[in-house]
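Q: Below, each chain spelled out in residue letters.
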Amino acid sequence: MDCGKCERKAVIQLQHGALCKMHFINYFEEKVFSTFKKYRLLKRDDKICVATSGGKDSLTVLYLTKRYLVKENLDPQQLFALVVDEGIENYRERTIEDLEKFCKEHDVELHKVSFLEELGATLDKAYPKINKDANKKPCNVCGVWRRYLLNREARKQGATKLVTGHNLDDEAQAIMMNIFKANTKIAGRLGPITGTREHGSFVQRVKPLYFCTEKEVRLYTILKGFKVHYSECPYSNEGYRFKIQDMLNEMENNYPGTKQGIIKSFLALLPKLKEEGESLEEPMQTCKECGEPANRDICNACKMKVIISA
Amino acid sequence: MEIKFEREQTTEEISFSGTVDELLKKLDINPETVLVLRAEEILTEDEILDNEDKIEILNVVSGG
Numbered sequence: 001m002d003c004g005k006c007e008r009k010a011v012i013q014l015q016h017g018a019l020c021k022m023h024f025i026n027y028f029e030e031k032v033f034s035t036f037k038k039y040r041l042l043k044r045d046d047k048i049c050v051a052t053s054g055g056k057d058s059l060t061v062l063y064l065t066k067r068y069l070v071k072e073n074l075d076p077q078q079l080f081a082l083v084v085d086e087g088i089e090n091y092r093e094r095t096i097e098d099l100e101k102f103c104k105e106h107d108v109e110l111h112k113v114s115f116l117e118e119l120g121a122t123l124d125k126a127y128p129k130i131n132k133d134a135n136k137k138p139c140n141v142c143g144v145w146r147r148y149l150l151n152r153e154a155r156k157q158g159a160t161k162l163v164t165g166h167n168l169d170d171e172a173q174a175i176m177m178n179i180f181k182a183n184t185k186i187a188g189r190l191g192p193i194t195g196t197r198e199h200g201s202f203v204q205r206v207k208p209l210y211f212c213t214e215k216e217v218r219l220y221t222i223l224k225g226f227k228v229h230y231s232e233c234p235y236s237n238e239g240y241r242f243k244i245q246d247m248l249n250e251m252e253n254n255y256p257g258t259k260q261g262i263i264k265s266f267l268a269l270l271p272k273l274k275e276e277g278e279s280l281e282e283p284m285q286t287c288k289e290c291g292e293p294a295n296r297d298i299c300n301a302c303k304m305k306v307i308i309s310a
Numbered sequence: 001m002e003i004k005f006e007r008e009q010t011t012e013e014i015s016f017s018g019t020v021d022e023l024l025k026k027l028d029i030n031p032e033t034v035l036v037l038r039a040e041e042i043l044t045e046d047e048i049l050d051n052e053d054k055i056e057i058l059n060v061v062s063g064g
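In order, the protein sequence lines correspond to chains A and B. To convert, note that position 270 of the first sequence is 270 in the numbering used here; the numbers rise steadily by one, no gaps. To convert, note that position 30 of the second sequence is 30 in the numbering used here; the numbers rise steadily by one, no gaps.
If you are wondering where the hints come from, they were derived from the structure by calculation, not from laboratory data. Yeah, the Cβ is synthetic: ideal placement off N, Cα and C, and Gly gets one too. Some hints could be false.
[Said to hold, decoys possible] Simulated pairs of lysine-lysine, DSSO-like, Cα-Cα distance not exceeding 30 Å:
id : chain 1 : residue 1 : chain 2 : residue 2
1  : A       : K101      : B       : K4
2  : A       : K104      : A       : K224
3  : A       : K274      : B       : K54
[Claimed, not checked] Here are some chain A residues the structure puts well away from chain B; computed CB gaps all over 12 Å:
id : residue
4  : K129
5  : A134
6  : E252
7  : V306
Work out the full structure, taking the sequences as your base and the hints as a guide.
A: The following block contains the structure:
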């Protein structure tokens, strides 16, 4: 198959045509840069924390956020990377190694924090205690603690924006999960810029890869020669999200454009969902234990921390 | 044909000639979830494979 724009061999067939290596890289980078612009993801004086793991999405978003700053004559030294080590045996060590090399190579400052040092236990040790009565998977603990540490550490380092590597697939899955579970109150929290509620300690999250599929991101890392070792979280196929992911990939294969359709419909509804969320959701409170944003007087991260220290 | 599976970290020998699309169907793999490489070159789904080829199947789905 040839590229639709030149005579070269195509590397991918997209809905709007096939692209060669050069035209795909241009298309992909332009899509990310235009997301930055269209949704005003960054302001001139922002200090930027990029949430990283060493996987394909975070390396790509780190690289392209830095490129965008240079392109727009903004100071690339205003950017730093942050990684959270959850303490999952035989998994995170490898991706952190890849990340350290990448940051060194691209001259990016890297900050590291861990569940063990900051919250008192690794995920492997914490979740059986926290979930012992509920028989839940570790993903709920991981999600709460990761979000907590990312926000706290980003703010501690003076960040005003938290860039994440969420891609189109992640977002389509989250939208469908909210629909299936009737989480209408929190549906408006999604989108290229997250959050419906304000709090002085909350660092706003932005998603430059919002319109990029997982397949496009992986292809980009290969074509750019980023060293990404495929590694799978040992808990990943245990969650509800995994089932949704499988279902959406099946739909996409049979009906191309399904995931894009979900995102497009969601964005059309987002202003209404935000409005609804603002009127239904309780105002954010401040955790009495740690001072972080919370839904009630004690945040979920602190509640979990109490269980493991008992 | 030699096929290396990145996710499973295994290599398999199978007898096959046909397109990438046909190979993925035979292996029961959703094309949405993988990229197929031959000699480090990315292949589109219409590419014709020979029984002597050595290919690699990379997973695109996030692992965590």
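Q: Hints first: check each against the structure and report whether it holds.
A: Structure-based check of each hint:
1. K101/A x K4/B: Holds, at about 26 Å.
2. K104/A x K224/A: The hint holds at about 17 Å.
3. K274/A x K54/B: violated (51 Å)
4. K129: holds (21 Å)
5. A134: At roughly 22 Å from the nearest Cβ of chain B, A134/A sits farther out than 12 Å, so the non-interface label holds.
6. E252: violated (5 Å)
7. V306: holds (27 Å)
When each numbered hint is compared with the structure, violations occur for hints 3 and 6.
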